[in-house]
Amino acid sequence: MNSGGVRTRTRAAIDAPHLRTDRWWLAPAVTAAGLLAFVVYSTWRAFANSDYYAAPYVSPFYSPCLAENCEPMRSGPNWEIFGSWWGLSPALLILIFPLGFRLTCYYYRKAYYRGFWASPPACAVAEPHKKYTGETRFPLIFQNIHRYFFYAAVPVAGILTYDTVLSFRDEHYEWGHMGLGTLVFLVNITLIWAYTLSCHSCRHIVGGKLKHFSKHPVRYKAWKFVGKLNNRHMQLAWASLISVALADFYVYLVASGAFDDPRFF
Amino acid sequence: MSVVDRQEWDVVVVGAGGAGLRAAIEARERGARTAVICKSLFGKAHTVMAEGGIAAAMGNVNSGDNWQVHFRDTMRGGKFLNQWRMAELHAQEAPDRVWELETWGALFDRTKDGRISQRNFGGHEYPRLAHVGDRTGLELIRTLQQKIVSLQQEDFKETGDYESRLKVYQECTVTRILKDGSRVSGAFCYERESGRFFVLEAPSVVVSTGGIGKSFKVTSNSWEYTGDGHALALLAGAPLLNMEFVQFHPTGMVWPPSVKGILVTESVRGDGGVLRNSEGKRFMFDYIPDVFKEKYAQSEEEGDRWYEDPDHNRRPPELLPRDEVARAINSEVKAGRGSPHGGVFLDVSTRMPAEVIRRRLPSMYHQFKELADVDITAEAMEVGPTCHYVMGGIAVESDSASARGVPGLFAAGEVAGGMHGSNRLGGNSLSDLLVFGRRAGLHAAQYATGLTGARPLVDEVQVDTAAAEALRPFSAEGPEPGAENGRPPENPYTLHQELQQTMNDLVGIIRREAEMEAALEKLADLRVRARRAGVEGHRQFNPGWHLALDLRNMLLVSECVARAALERTESRGGHTREDHPTMDRAWRRVNLLCQLVDPTGGLAATDPVRGQIDLVRETTEPIRPDLLALFDKEELVKYLAEEELYE
Amino acid sequence: MSSYEARFKVWRGDAEGGGLEDFGIEVNDGEVVLDIIHRIQATQAPDLAVRWNCKAGKCGSCSAEINGRPRLLCMTRMSVFTREETITVTPLRAFPVVRDLVTDVGFNYMKAREVPAFVPPEDLGPGEYRMMQEDVDRSQEFRKCIECFLCQDTCHVVRDHEENKTAFAGPRFLMRVAELDMHPLDAADESGLDRKKTAQDEHGLGYCNITKCCTEVCPEGIKITDNALIPLKERAVDRKYDPLVWLGDKIRRRPSGAV
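Sequence order for the protein chains is A, B and C.
Each residue of the first sequence is one higher than the one before, counting from 1115 in the numbering used here.
Each residue of the second sequence is one higher than the one before, counting from 148 in the numbering used here.
Each residue of the third sequence is one higher than the one before, counting from 178 in the numbering used here.
Rather than coming from a laboratory, the hints here were simulated on the basis of the structure.
Keep in mind that the hints are not guaranteed to be accurate.
What the hints assert, rightly or not - Computed list of lysine to any residue pairs in SDA-like fashion (alpha-carbon distance at most 25 angstroms, straight line):
hint	chain 1	residue 1	chain 2	residue 2
1	A	Lys1224	A	Ile1259
2	C	Lys342	B	Phe189
3	A	Lys1342	C	Pro408
Computed from a predicted model, the values in this text were never measured in an experiment.
So that you can see chain A by itself, here it is in the shape it has in the complex (with noise of 0.2 angstroms):
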């Protein structure tokens, strides 16, 4: 009893953390069951340094490729910034931005906080910690750099596309065909833009700063389409998280040989 939060002593004296019926832990439990299961796999992913590329396709997480240890690809992403000191995978130099941008994506943040960190756990349900001070001071008060791991993102967005269209090949550096992977990239491609353009630095950014929205009918314009999109920012992050494992994911089918890409023309 008078424990602090619910507990207080001027509070109605009510011992329960919270009172709700309803299945509140479901969503918390089934969000960080989601996430955890996409850090196991991209985790073992961006160590493998292996079976991420299979002409014309090159997996996200590889791409762009910065080191001299990445596999050739014609025409591809892999510029040897980092020269041949590098020996880890070459994923891990790139993965930095993309996990950033969605690390401190505030849609992420309330899912991480909520599912791992409990804090809270749902709403109205008592949260286990003894202090908050929430991102105020460090290490969260960093979550403010967001805009900049967006800024990151949209090159990293590009290149993505870049790739895209270069899965318009076939094998043999062919333009001009297509086949099931290039579809699995144009889908991961457009979730990765609406994902991107629908986060909210990116609001703020084209429109949302602005106090006058009658003087500036384009970007009031631009606002009122990344609202749109803003809507959705919670289904984008896991459709387009889920749509890049998968594009990952048949790359390395492909380039590990369990399957061959069929081919339309």
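Following the hints, put chains B and C in place on chain A, whose structure we already have.
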């Protein structure tokens, strides 16, 4: 008696709705130290329920509008019974009051060129209502609330105390206005939360407590509307004016019970909704009065064409004035052709595609969906008349809002009478609050700060008497001499329900002499029983006790309504007599004033025959010629008595 | 449909203590929880304290917690529960209790006073304000707020941490800051008040970890988190954490509020 805490102010405002807050702002800005006292939390006043808008002739949408046109509309709406000087001031000052809200942060809907948008409404010749979607009342309250906070912030900077010059006592009730001789000296109050008594000493008291709807069973009003201000003024010796005029809105929800009385906006009918009885008949065609025969469609086909082509067809009878529609619904229900829950059907579902309904009537769609689980795109609504507004109220001087005969007492808003005559136009209520709220605050401050000599003193005996009166429900009187022993105390909830039923059935929309006489007898009986209203428990936030205290006010006000309604032998605006069905020009100049039989401050009388109220007839001042000149002679002939026309 | 007897548990007591009390009470077709509380009041517990007013979801007085969820008593229909269910009604658990279902919501009125009011532009008189609809849309959404304080109640920042009440204004009043910062004619900047910065420095915006419970409970459906709190966070970033924006504003030499 225990010592009661006293605090000294210049102006005390009773009620924190639109009028009260506007009065408080004005009084404080004029340098008076001002206290506001209200029954609910600050910002929850009934004003938030107003949807339509604030009528003000700004001419933003149609530049032909001006105060004269607004004045004319208001007088017509009130059937010329309005206190004309109030209607004039109201029409002249409303635009300034709306603009001023913008400087305090209000955000009204805009026109294309960035000015305040104005909408059409019943009885207004031009688009005139400044609005914010369908939540104008909320915007008004919030803006005034935030203005008060900003004044408190100024005071904090200067004095280090937010409440040094303007304080809100929320969740407190005033039970008596205290007097020193004929002058106001303060108010006796209790804190609802703790039950603690306290006295606010002040030479000026502004009453702005709203209406009386909770005396009726079906009402759009909240629990606060128990006629407190009306009763406080009566008990302080001030008269009430024309209390017989009560507006019933024709379409309130009748089901589910929890929302019975809540308004269904007029635009449902304006957009094509039709009224049907249980036989599926559009009955309004049977209720077109002769005077309107020329102006309304005679067949369903013609009525239906009007929505598309209003220039070549006459409007459907669903759009007759509110009182006509309310009476028609009432008759259908009485004839046994009502809906399952005692109303009639208002149907849009068969008239428009679902998607059009959702676009045009979003708030109604949601209101029914959320409150009644009724999808109005698929089924008909059930509606019936609901008590909405009281035109009558404290008799005041038009310019100063001061109550007659009690120096230091002021009134503004619904609780003040005269402004709306016999019937109020939609939208004129919010502007009334602002215009006369400001005037009341202004004159209350001037009166208080301009007093020479000693301030009126609060009399200890009055305080003790008021405290004893407030505590009576805890020691509900035992049996009266001669009565059988052991009669239990009365349950205040039961008494309240009986009162509501009585007023609804016997002094409701359609009134008959015999019924009103029966009502007066019933009221006398309730008054006797109310003295025995007893409550259990303690003084801390005890709703039973609060209701027991409010009963006194409701009973007083109900008696005023019944007596005045019995006296006025004509039908006009919000007063319909079945036995005197027409408007009588001779009555136009007659005001009915209610006064307390025993104004010396005696506790509620119990004599059932005599009652507590005396009625006085008064002839009104003639309308100023330049204002009369705004009307056509032919129109005036319909309203004014012969002798007035030739004066 | 007909009436039935429902089982209720209602918290009764005061600051000294109390507990859930059982009631068996009649429920009729179409009723809401507030009706049932009133019936308990009229027939079984006349001194049961409950705050209410308009009964139509417009005034925000009857906030309480039903089966552990912050809700308006008048907007919770009995039909959302099964007849077998026991319905638990408690006062708001983030605020000090006064008696039964009534809590002391003074915290919110205190916080309201700490947000500096609208600053009218000096060069415009009454009647001269011109604002475009698209410029007032955003603030109008926030002004739909009925101040039921359910968001303040559910927000874990203060609900679970009493000590944060001094530093944190809560969703309602951070939204008020956003409303004023987005008001097309608010002249706070000209008067030397930077609402974006004070949101973070004085009203505790940083405490918000955008877990969206405020949005979930809002009976008016205001998107508090997405439309008020996050945009406000971004505006605070402009001021405090984004050297590019800061530099841009310096170079263009225009008051940052006037874009």
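**Q.** Pair hint Lys342 (chain C) and Phe189 (chain B), alpha-carbon separation not exceeding 25 angstroms
**A.** Holds - the C-alpha atoms of Phe189 (chain B) and Lys342 (chain C) are around 21 angstroms apart, at most 25 angstroms.
Q | Straight-line alpha-carbon gap Lys1224 (chain A) to Ile1259 (chain A), limit 25 angstroms | A | 16 angstroms, holds
Q) Can the restraint linking Lys1342 (chain A) and Pro408 (chain C) be considered satisfied, given a maximum Cα separation of 25 angstroms? A) It holds: about 15 angstroms lies between the C-alpha atoms, which stays within 25 angstroms.
Of the numbered hints listed earlier, not one is contradicted by the structure.
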